[in-house]
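Trainee: Take the sequences, apply the hints, and build the full model.
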Amino acid sequence: MKTIKDLLTEHKFFHEMTPEMLEFIAGCGKNMHFNPGEFIGKQGDPADFLYVIREGNIALQLVQPTQGSLTIRSLRGGEIAGFSWIIPPYRLQFDLRAVEHSSVVALDGTCLRKKCEEDYKLGYYLMKQSATVMTQRLVDTRIQLLDIYGARV
Amino acid sequence: MAQESDHAEVNRQSLQRDIWLPLLYTVKEKKTENRGIVTLTLAPSAEEAIEPMEPGQFNMLYAFGIGEIPISISSLWNLQSTLVHTIQDVGAVSKAFCDLSTGDQVGVRGPYGTRWPLNKAKNKDVIILAGGVGMVPLRPLIERILNDRSRYGKLNVLFGARSPENIIFHQDIISWQADPTLNFQITVDHAYSNWRGHVGVVTYLIEEANFDPENTIAFICGPEIMMRYAVHACLDANVPTDHIFLSIERNMKCATGFCGHCQYGPFFVCKDGAVFSYPQVKIYLNIAEL
Numbered sequence: 001m002k003t004i005k006d007l008l009t010e011h012k013f014f015h016e017m018t019p020e021m022l023e024f025i026a027g028c029g030k031n032m033h034f035n036p037g038e039f040i041g042k043q044g045d046p047a048d049f050l051y052v053i054r055e056g057n058i059a060l061q062l063v064q065p066t067q068g069s070l071t072i073r074s075l076r077g078g079e080i081a082g083f084s085w086i087i088p089p090y091r092l093q094f095d096l097r098a099v100e101h102s103s104v105v106a107l108d109g110t111c112l113r114k115k116c117e118e119d120y121k122l123g124y125y126l127m128k129q130s131a132t133v134m135t136q137r138l139v140d141t142r143i144q145l146l147d148i149y150g151a152r153v
Numbered sequence: 001m002a003q004e005s006d007h008a009e010v011n012r013q014s015l016q017r018d019i020w021l022p023l024l025y026t027v028k029e030k031k032t033e034n035r036g037i038v039t040l041t042l043a044p045s046a047e048e049a050i051e052p053m054e055p056g057q058f059n060m061l062y063a064f065g066i067g068e069i070p071i072s073i074s075s076l077w078n079l080q081s082t083l084v085h086t087i088q089d090v091g092a093v094s095k096a097f098c099d100l101s102t103g104d105q106v107g108v109r110g111p112y113g114t115r116w117p118l119n120k121a122k123n124k125d126v127i128i129l130a131g132g133v134g135m136v137p138l139r140p141l142i143e144r145i146l147n148d149r150s151r152y153g154k155l156n157v158l159f160g161a162r163s164p165e166n167i168i169f170h171q172d173i174i175s176w177q178a179d180p181t182l183n184f185q186i187t188v189d190h191a192y193s194n195w196r197g198h199v200g201v202v203t204y205l206i207e208e209a210n211f212d213p214e215n216t217i218a219f220i221c222g223p224e225i226m227m228r229y230a231v232h233a234c235l236d237a238n239v240p241t242d243h244i245f246l247s248i249e250r251n252m253k254c255a256t257g258f259c260g261h262c263q264y265g266p267f268f269v270c271k272d273g274a275v276f277s278y279p280q281v282k283i284y285l286n287i288a289e290l
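Here the protein sequences line up with chains L and R, keeping their order. According to this note's numbering, the residues represented by the first sequence are 1 to 153, in order. According to this note's numbering, the residues represented by the second sequence are 1 to 290, in order.
Honestly, the hints are just simulated from the structure, not real lab data. A hint or two may mislead.
Here are the simulated distance ranges between beta carbons [to be verified]:
| hint | chain 1 | residue 1 | chain 2 | residue 2 | range |
| --- | --- | --- | --- | --- | --- |
| 1 | L | Gly78 | R | Ile225 | 19 to 29 Å |
| 2 | L | Thr66 | R | Lys122 | 47 to 57 Å |
| 3 | R | Thr102 | L | Gly44 | 51 to 61 Å |
| 4 | R | Ile283 | L | Gln93 | 33 to 43 Å |
| 5 | L | Gln136 | R | Gly257 | 34 to 44 Å |
Now the stretches of chain R that chain L is said to cover, found in silico as 3 or more residues with beta-carbon under 8 Å [what the hints assert, rightly or not]:
| hint | stretch |
| --- | --- |
| 6 | 157-168 |
| 7 | 190-197 |
| 8 | 224-236 |
From the three backbone atoms N, C-alpha and C, an ideal C-beta is built for every residue, glycine too.
Mentor: Pasting the structure below:
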């Protein structure tokens with residue numbers, strides 16, 4: 001049976017992390033599984049976890065009054081969800097909902113923040129990796145906002 | 001080799017015809033793809049027909065009394081003399097085509113433009129990246145590859161659309177999703193909860209593709225912003241620069257390189273394109289004035 005450290009080692013977000021760092025943060029993690037349609041977190045909830053997605057499909061959603069939940073990004077195995085664990089006020093900015101059966105390693109945000117304060121190299125690694133992913137998502141969002149598939153071809 | 005000779009013969013015969021003279025075609029079938037997009041099947045009204053087309057080429061379609069527009073061939077599955085064109089209602093002339101009924105007549109001249117370089121894809125993995133109605137000129141390419149599947153390596157078709165309601169070619173998509181020789185992935189920019197597929201920009205589907213970068217050819221068509229990002233996604237995945245091809249859209253009027261409306265740096269898109277290799281157009285893709 002794979003340990004939390006093994007599962008983190010396999011995930012691309014942690015590929016450049018040293019074994020010592022992985023060992024250090026593995027204690028913050030636990031396995032979680034979500035069924036299709038199940039909410040992992042809702043907008044405004046405390047951002048208690050960084051979700052390391054192992055497999056499945058998790059939707060990043062916003063509720064559109066009278067029209068339901070609008071999915072603005074789907075996250076799959078190999079991606080992460082729940083950046084707000086590292087950014088004050090540590091509150092989820094979107095709903096997170098499993099579209100398919102999804103398995104994640106959930107790293108406790110409070111535990112991670114404490115370890116980042118103890119080990120600045122770890123903190124820098126996690127912030128650098130998070131910034132890389134956040135930047136890509138920001139670029140993607142800007143392209144989506146351009147509505148390039150609109151009427152003009 | 002024989003295929004090259006056939007193409008040369010087609011080109012020779014095309015030159016012998018009056019390039020300005022539209023031939024009469026009749027709408028045999030009209031299919032609504034979604035709101036504002038229709039697919040028309042056209043058959044010659046008389047014996048004379050235009051020359052056989054190749055994936056990537058286009059025709060000038062004439063709506064009598066209204067105007068003429070360039071439209072890519074959208075299917076070559078039926079190799080008879082019928083033409084299949086998919087048209088989005090974006091202006092007066094395209095609206096006229098969308099409003100046609102079976103039995104109506106249109107003018108057709110063509111075929112024009114360069115073709116997707118399928119010969120370069122032989123024995124190679126293929127990535128086809130389509131955005132929105134950019135799938136239209138790519139569908140004949142997919143059909144050709146599927147029709148001769150053993151000549152190519154892994155085939156990846158990555159399709160991005162605005163929303164689930166804007167997806168076109170549903171029957172083909174169902175067929176492609178069921179085809180074990182093809183890795184078909186689709187994403188939309190946004191969707192409501194009844195959509196269970198991917199949501200996000202089309203370039204992120206590259207990670208879902210199976211290919212050996214050095215031995216891969218990429219064919220891209222969509223809005224130009226999407227194509228720029230798609231090119232970079234391919235380059236980031238180590239696809240060689242000269243293995244990337246894109247179809248550029250510009251304001252084409254004459255389709256023969258005379259009028260200059262579609263000038264693109266040293267090129268006329270109608271005559272030198274619309275399919276270009278990335279190295280040909282690399283320096284022009286970021287020039288806003290072109």
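Trainee: State for each hint whether it applies.
Mentor: So, going through the hints one by one against the coordinates:
Checked against the hint of 19 to 29 Å, the C-beta distance between Gly78 of chain L and Ile225 of chain R comes to roughly 26 Å, which is consistent with it. A hinted range of 47 to 57 Å holds for the C-beta pair Thr66 of chain L and Lys122 of chain R, which are about 53 Å apart. For the pair Thr102 of chain R and Gly44 of chain L, the beta carbons lie near 55 Å from each other, so the given range of 51 to 61 Å is met. Between Ile283 of chain R and Gln93 of chain L the C-beta distance comes to about 40 Å, which sits within the given range of 33 to 43 Å.
The supplied range of 34 to 44 Å is met by Gln136 of chain L and Gly257 of chain R, whose beta-carbon atoms lie about 40 Å from each other. Here the stretch 157-168 of chain R counts 4 residues with a CB under 8 Å from a CB of chain L, which clears the bar of 3, and the coverage holds. Counting residues of the stretch 190-197 of chain R whose C-beta sits closer than 8 Å to any C-beta of chain L gives 7, which meets the bar of three, so the coverage hint holds. Remark: the stretch 224-236 of chain R is confirmed as covered by chain L, as 3 of its residues place a Cβ nearer than 8 Å to a Cβ of that chain, reaching the required three.
In summary, the structure agrees with every hint in the numbered list given earlier.
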